[in-house]
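*Asks:* Chain by chain, the residues:
Protein chains: 2
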Amino acid sequence: MNEQSTKSAATQPAVSHATFAVERAYPVPPERVFFAFSNLDSKRRWFAEGEGWVVLEFTSDFSVGGSEFSRFRFGDGPEITNDTQYQNIVTNERIVITYRMAVAGAPISVSLATIEFSPSGKGTVLTYTEQGVYFDDASAGANREIGCRELMEALARELAVAA
Amino acid sequence: MNEQSTKSAATQPAVSHATFAVERAYPVPPERVFFAFSNLDSKRRWFAEGEGWVVLEFTSDFSVGGSEFSRFRFGDGPEITNDTQYQNIVTNERIVITYRMAVAGAPISVSLATIEFSPSGKGTVLTYTEQGVYFDDASAGANREIGCRELMEALARELAVAA
Numbered sequence: 551m552n553e554q555s556t557k558s559a560a561t562q563p564a565v566s567h568a569t570f571a572v573e574r575a576y577p578v579p580p581e582r583v584f585f586a587f588s589n590l591d592s593k594r595r596w597f598a599e600g601e602g603w604v605v606l607e608f609t610s611d612f613s614v615g616g617s618e619f620s621r622f623r624f625g626d627g628p629e630i631t632n633d634t635q636y637q638n639i640v641t642n643e644r645i646v647i648t649y650r651m652a653v654a655g656a657p658i659s660v661s662l663a664t665i666e667f668s669p670s671g672k673g674t675v676l677t678y679t680e681q682g683v684y685f686d687d688a689s690a691g692a693n694r695e696i697g698c699r700e701l702m703e704a705l706a707r708e709l710a711v712a713a
Numbered sequence: 551m552n553e554q555s556t557k558s559a560a561t562q563p564a565v566s567h568a569t570f571a572v573e574r575a576y577p578v579p580p581e582r583v584f585f586a587f588s589n590l591d592s593k594r595r596w597f598a599e600g601e602g603w604v605v606l607e608f609t610s611d612f613s614v615g616g617s618e619f620s621r622f623r624f625g626d627g628p629e630i631t632n633d634t635q636y637q638n639i640v641t642n643e644r645i646v647i648t649y650r651m652a653v654a655g656a657p658i659s660v661s662l663a664t665i666e667f668s669p670s671g672k673g674t675v676l677t678y679t680e681q682g683v684y685f686d687d688a689s690a691g692a693n694r695e696i697g698c699r700e701l702m703e704a705l706a707r708e709l710a711v712a713a
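Order-wise, the sequence lines are chains R and L.
According to this note's numbering, the stretch in the first sequence is residues 551 to 713, in order.
According to this note's numbering, the stretch in the second sequence is residues 551 to 713, in order.
Note that these hints are calculated values from the structure, not bench results.
All C-beta atoms, glycine included, are put in the ideal place defined by N, C-alpha and C.
Some hints could be false.
[What the hints assert, rightly or not] Ranges between beta-carbon positions, derived for each pair:
#, chain 1, residue 1, chain 2, residue 2, range
1, R, V640, L, A710, 40 to 50 Å
2, L, N589, R, L606, 32 to 42 Å
3, L, N693, R, L606, 39 to 49 Å
4, R, D626, L, P628, 51 to 61 Å
5, R, G600, L, D591, 32 to 42 Å
6, L, W603, R, E573, 52 to 62 Å
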């Protein structure tokens, strides 16, 4: 599933909408994968940290209506902020979030992400579906999907170490 | 544009994703249409009130990061809640919101809506694009689009009276 539409008018910046879905299997049960999303330290490790990334701020309230905020940059790059809100939580089964991102203070996108955890043998199939709107960059949806796949690999490393 | 995918697994409720877009022309300039979204009293009139609807609560903070909350029912029906957050605002041009809805306390959906105001002659073309995830009801996306078109007509009446 990959759908993208671009709209542009002379009077306002282009806005594009895109949806993508990423599926990834992990060799640990749903409870363990869910924990990596709900636990602050674990989430910070695989989601915010990583070689070359400087985490300036990371706070999270994992509850419906709760906010998660991260502020970071890559190397000497511009500051990036992520304002997330938890919208729906079904323990060990589903998390729905919305988030907006800005680079150097300029809004670049708003997204709605559905994360589903399904048992598969002794492991888990995670399905990540993101519906988003992007400002001023019609190719941003495709780039976001690449970034998302990288995060799913970072999560695999977190689960391998801490399992 | 109308895309819908349904996923269902034995271990968790069905989740469906849908996107729809509604376009509506109004005979007043973008500033006037934008005002009907940004002004609390005007928004409440066309968005929350209406024949048969009982508005139990309506509060709004029209600013990025600000929340809007409404609690209402239709006749003697169950209580419905709408938790909205303003995600992006470009005065007279664009509003992006996310919102979750619940009926009798049970979550039914989370949505990301992009509202664009484009000048057209002396009037405005409003484009409303909603990307959503629905819980336990695969036909909910189609119903939401019907409800949205009704709201665009209620907005037309508000603009006709107050213009």
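*Asks:* Take the hints in turn and mark each one as holding or not.
*Replies:* Hint check:
A C-beta distance of roughly 44 Å is found between R:V640 and L:A710, which places it inside the suggested range of 40 to 50 Å. Restraint check, L:N589 to R:L606: a C-beta distance of roughly 37 Å satisfies the suggested window 32 to 42 Å. The given range of 39 to 49 Å is respected by L:N693 and R:L606, whose C-beta atoms sit roughly 43 Å from each other. For R:D626 paired with L:P628, a C-beta distance near 54 Å keeps the hint of 51 to 61 Å intact.
Checked against the hint of 32 to 42 Å, the C-beta distance between R:G600 and L:D591 comes to roughly 48 Å, which is inconsistent with it. Between L:W603 and R:E573 the beta carbon distance is about 41 Å. The supplied range of 52 to 62 Å is therefore violated.
Hint compliance for this structure: hints 5, 6 are broken, all remaining hints hold.
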